[in-house]
Amino acid sequence: MKKRWPGFLLFALLLLAWELGSAWKLVDPVSVPRVSVIITSWIDSLRNGQLLNHLLPSLWRIFAGFGLAVLVAVPLGLLMGTISLCYRLLEPITEFIRPIPAAAYIPIAILFLGIGNEMKIFVVFLACLFPILLNTYGGVRGVDPVLVDTGRTFGVSRLKALWQIVFPAALPSILTGMRISLGISLIVAVVSEMIAGNSGIGYFILDMQRIFRVPDMFAGIFTLGLLGFLINFVFLKVEQHFLRWRGTSVET
Amino acid sequence: MTKVGSPKLTVVSGTAAGKPIIEVKGLGKIFFVNGNALTVFQNLSCSIDKGSFLSIVGPSGCGKSTLLKLISGLELPTKGEVVFNGEPIVGPAKGMIYVFQQYTKSIFPWRSVIQNVEFGLNSFKKLSARDARARCLEYIRLVGLEGYENYYPYQLSGGMQQRVCIARALICEPDVLLMDEPFSAVDALTRAILQELILKIWETIPVTILFVTHDVEEAVFLSNRIISLSKTPAVIREDVAIDLPYPRDQIRTREDERFTGFRHRLFSSIFAQEKGGEPATAGRRR
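Protein chains in written order, with our numbering: chain V, 1 to 252; chain B, 1 to 286.
Bear in mind the hints are in silico, worked out from the structure with no lab data behind them. All residues carry an ideal CB built from backbone N, CA and C; glycine is no exception. One or more hints might be untrue.
[What the hints assert, rightly or not] In silico SDA-like pairs for lysine to any residue, Cα to Cα no more than 20 Å straight-line:
#1 B/K125 <-> V/A161
#2 B/K105 <-> V/V148
#3 B/K105 <-> V/P168
#4 V/K160 <-> B/K19
#5 B/K126 <-> V/G155
#6 B/K126 <-> V/Q164
#7 B/K94 <-> V/L159
#8 B/K125 <-> V/R152
#9 B/K105 <-> V/R152
[Said to hold, decoys possible] One side of the interface only, derived from the structure: several residues of chain B facing chain V at Cβ under 8 Å:
#10 K105
#11 W110
#12 S123
#13 Y151
#14 Y154
Working from the sequences, and respecting the hints, build out all of it.
Encoded structure:
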């Protein structure tokens, strides 16, 4: 934990500046309430369960969409990386869909799936799919030919080599794709909740803004910040565990 | 042609004592690089006796490694064939294991030492967990890595990583070990130690070793036969039996008059080609 205190100190100082700026009316305290006020309403909405009622659906959407994306993208990426026909078949579609911002799928997803969980999970899934797919594919293509030949000289079947050699060799890249997707999943879930439906942390933030409970709105935003931080922290731990053989410990 | 300590050079013919384990018959290999055809071999034949320690030397880029790849089945020839134990090679064959020069790329970095060795064992036969572990430890001991079985490759030096690759290969009890410049990427002292190690292994285990190296001294020190290739399209320029006695010793063998004689002959032949001139030993070509 040493070496990290300057960052936390700066963070604390900025919060203090915010508190004072709002208290001394350097900024409009109605749009930007004091930090202490935000934290008070944060604790209140945590206590009365309101925040949690919105947080849980969001978490479900994020992890369901992300999980589905992993289940689809990793095998697909392995296939595209190893079988050139698969790559040539799927590459044009991938390249066309990939650049479309995930939020742009929302209207069409509403048409087909309504405004409930299915739509949101689908949008999160689609947004998470491509970073994982491309990183898996890239990781597989990056596997050194010597490693592949090593498998061949030991007479390992192609399928076994895929699982025992190609997959572990591509794992660092796959995990990078997963980390990128996790960040995206949070964004997309919140946006989809803001556009349609009546639950989720995104809906909560927008709703509080509409009914002018600005401190609660900020509490929702702070929750997202904390959530993103926690997800990343946990993921780095997971990554470290699976990549412990690399010997370069990633500082969290 | 007389030179210092001129050794008695025995030319090994295909029908020497012992029966051939590998026969290379009329091998041709053409690579296409950016639309240009590069003929590495036009019509190469030789036969390798069971139990021999054969080194392949030659000027850089002459196709030494390609020959080894063709014998292993990792590459397939444009024409001709390689026969191993009476069967033509059509792909990586059981009974032959290739040990790569780039051990850092050949070792599985996500597997510990014992898990790397276990990979070799699993490709060879299934044993119960206990027997497998005991067998792995036996081979780890053979290459001198006892105590390191739970280390990951990144925690090992280059020489130790190559030892792991050697143990992983040997545990499959191969008839033939194909070694492609296996010691060229380690420091000189480690190389000397690894040379002694591989000799010790060859003398204990019934294995035929094909050893590609650019280092003539290494070849003379290790082998009982050396094939020297010409520049591409490569032909066998020299085929020399190295009748120095085993066990060989890093100091005494290298000081042996016959050792320096072999070294002189092979090195001057290769060096002359490398410079583009006529080899000094042209008169003794086969």
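Hint by hint, here is what the structure shows:
no., hint, in the structure
1, B/K125 <-> V/A161, "holds (17 Å)"
2, B/K105 <-> V/V148, "holds (10 Å)"
3, B/K105 <-> V/P168, "holds (13 Å)"
4, V/K160 <-> B/K19, "violated (35 Å)"
5, B/K126 <-> V/G155, "holds (14 Å)"
6, B/K126 <-> V/Q164, "holds (16 Å)"
7, B/K94 <-> V/L159, "holds (18 Å)"
8, B/K125 <-> V/R152, "holds (16 Å)"
9, B/K105 <-> V/R152, "holds (14 Å)"
10, K105, "holds (4 Å)"
11, W110, "holds (4 Å)"
12, S123, "holds (4 Å)"
13, Y151, "violated (10 Å)"
14, Y154, "holds (4 Å)"
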